[in-house]
Structures are given as C-alpha cells and as structure tokens.
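Colleague: Knowing the structure of chain A, use the given hints to seat chain B on it.
Protein chains: 2
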Amino acid sequence: MLGRVNHVAIAVPDLAAAAESYRSMLGANVTEPQALPEHGVTVVFVTLPNTKVELLEPLGEASPIAAFLAKNPAGGMHHICYEVADIIAARDRLKEAGARVLGDGTPKIGAHGKPVLFLHPKDFQGTLIELEEV
Amino acid sequence: MLGRVNHVAIAVPDLAAAAESYRSMLGANVTEPQALPEHGVTVVFVTLPNTKVELLEPLGEASPIAAFLAKNPAGGMHHICYEVADIIAARDRLKEAGARVLGDGTPKIGAHGKPVLFLHPKDFQGTLIELEEV
Numbered sequence: 001m002l003g004r005v006n007h008v009a010i011a012v013p014d015l016a017a018a019a020e021s022y023r024s025m026l027g028a029n030v031t032e033p034q035a036l037p038e039h040g041v042t043v044v045f046v047t048l049p050n051t052k053v054e055l056l057e058p059l060g061e062a063s064p065i066a067a068f069l070a071k072n073p074a075g076g077m078h079h080i081c082y083e084v085a086d087i088i089a090a091r092d093r094l095k096e097a098g099a100r101v102l103g104d105g106t107p108k109i110g111a112h113g114k115p116v117l118f119l120h121p122k123d124f125q126g127t128l129i130e131l132e133e134v
Numbered sequence: 001m002l003g004r005v006n007h008v009a010i011a012v013p014d015l016a017a018a019a020e021s022y023r024s025m026l027g028a029n030v031t032e033p034q035a036l037p038e039h040g041v042t043v044v045f046v047t048l049p050n051t052k053v054e055l056l057e058p059l060g061e062a063s064p065i066a067a068f069l070a071k072n073p074a075g076g077m078h079h080i081c082y083e084v085a086d087i088i089a090a091r092d093r094l095k096e097a098g099a100r101v102l103g104d105g106t107p108k109i110g111a112h113g114k115p116v117l118f119l120h121p122k123d124f125q126g127t128l129i130e131l132e133e134v
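Protein chains in written order, with UniProt numbering: chain A, 1 to 134; chain B, 1 to 134.
Same shape as in the complex, but just chain A (with noise of 0.2 Å):
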C-alpha cells in the first residue's frame, strides 16, 4: 500500500533561518518562502535526488504546527508523508485494521494540491503519519 516517501516535514521557529542553514551549511538547494494560508504555515522545500524535506514556520493564529513547536521550541521533525494510489481504499483498510484517522476521515487537499489524511500518532510509535494520493 505504501508508496514513496513524499517527503519528511520539519517544524521549525525561524524560516529564513532554517533555509538559510540548509543552504549555506548542507549545501542544499531550498526553494523561496511560500504562504499557505489555508494550511496555516510558510514552507520551504529541500529539494533532494529522491524526495524532499519541507521546512515548516506557524502561520496565523491556528497553525496546526503551534502546539508542536509550542513543546518543542527549537522545532523538530513533525511528520513523514507516503504516497499512496488510493486513498479511499487506504483509509478503509487502516481503519479495519483498527488504526484512527485524524479529524472525520474525509481526506482533504493538501499543501500540494491533493487529497491527504493523517494518521494517529499512538498507532505509529509517536510518527504522525500524512497519506498523500498521487
């Protein structure tokens, strides 16, 4: 069921400083800010040969990344994403097998365009995990 690793997001408190870090101490190639207001937070993108890493900053009042960094101030890696061809067909057979969906189970569109679900942490040893269909 699990496709690609889509990409790994890393909650951080300073943006420009996180991109910067990347850039000049990795030598990564990281994208320019981009607000997304719908989903709370201004990412930018560490674009790698096989995936990405998306650095993450709170945006507005209701971020979802609040509560996280709120206990981890230095910020930290918040959630890795899969692929997945089907994401109906994903979320039944998770939630036959006793895994919670976050929120009612509807997926959403996500930062990329697409429909997305998250899973519940305590059913993945603390991950919390983002299906994203493709």
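These are calculated hints, taken from the structure and not from any lab test. Honestly, I wouldn't trust all of these hints.
As the list claims (entries may be wrong) - Subject to a maximum C-alpha distance of 30 Å in a straight line, what follows is the list of computed DSS-like cross-link-like pairs (lysine-lysine):
#	chain 1	residue 1	chain 2	residue 2
1	A	K122	B	K71
2	B	K71	A	K71
3	B	K122	A	K71
4	A	K95	B	K52
5	A	K52	B	K95
6	B	K95	B	K122
7	A	K114	A	K52
8	B	K52	A	K114
9	A	K52	B	K52
Modeller: Leaving out everything else, chain B in the frame of chain A:
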C-alpha cells in the same frame, strides 16, 4: 553537498509490534529484525520505492536511542540520514560554517558498513542529522 535521503530512523519501544503495524496496517515491505550489538540497536527496514525507514529498538545497556525513548516512551522520529559523496569534505565545510559535529569529528562505520557522522540537533532546528558517505 546533500545527496539522497538514505533513511529516516524511528525509535520504537517494541520492534515486533512496530514491524507488524507497518506490515499489516500500512501494507509495507518490512525486513526481518537484525541485531546490531555494536550499534546498540535491533533494526528492521521498511523498504519503500525511493528510500527506506528504519525502525530501531534499543539493544543492550548503552543503546544510543535509550535516552530518546526515555523522553519519548511511545517512540518517534529519531534522525534523518543524508548521503554525501565525501564525508571528510562535508565535515570540514560544516565545521568551517560553525556547525557542531558530534563526537570527535572522526567518521565512524555506521549500521550499513559505511562512514557516518552525526550533526548537533541544536544547529539544525532540533533535527538530528546523520551524514553517510556512499
């Protein structure tokens, strides 16, 4: 400088249970457990089309992931490993740029039999970064 994401490592308190949830709930290919006593972990690999996820369980008294699991008893994302072509050149560039390399700065032979170094999470937004020469 940064190449492919070689792996994302997730520390787990119960490797058999973690492997089973990736296999049965997520439908992933999961290898048999390998004990790596010289690294203080038992590992299974979740093999994905573009990279891999490593599930790590502490092994022995002085496991390098024991402190992380004491702080995160359910488990969680522990580090991300990037490939580099020349680990000595990477280390020297990072040190010049002010990044802290863990240990004495001499690459060790990692779990894949290749030279590795770890970078201080405080220099990279709370993310523990491993570099592996490939």
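Colleague: Which of the stated hints cannot be reconciled with the structure, identified by number in ascending sequence?
Modeller: none
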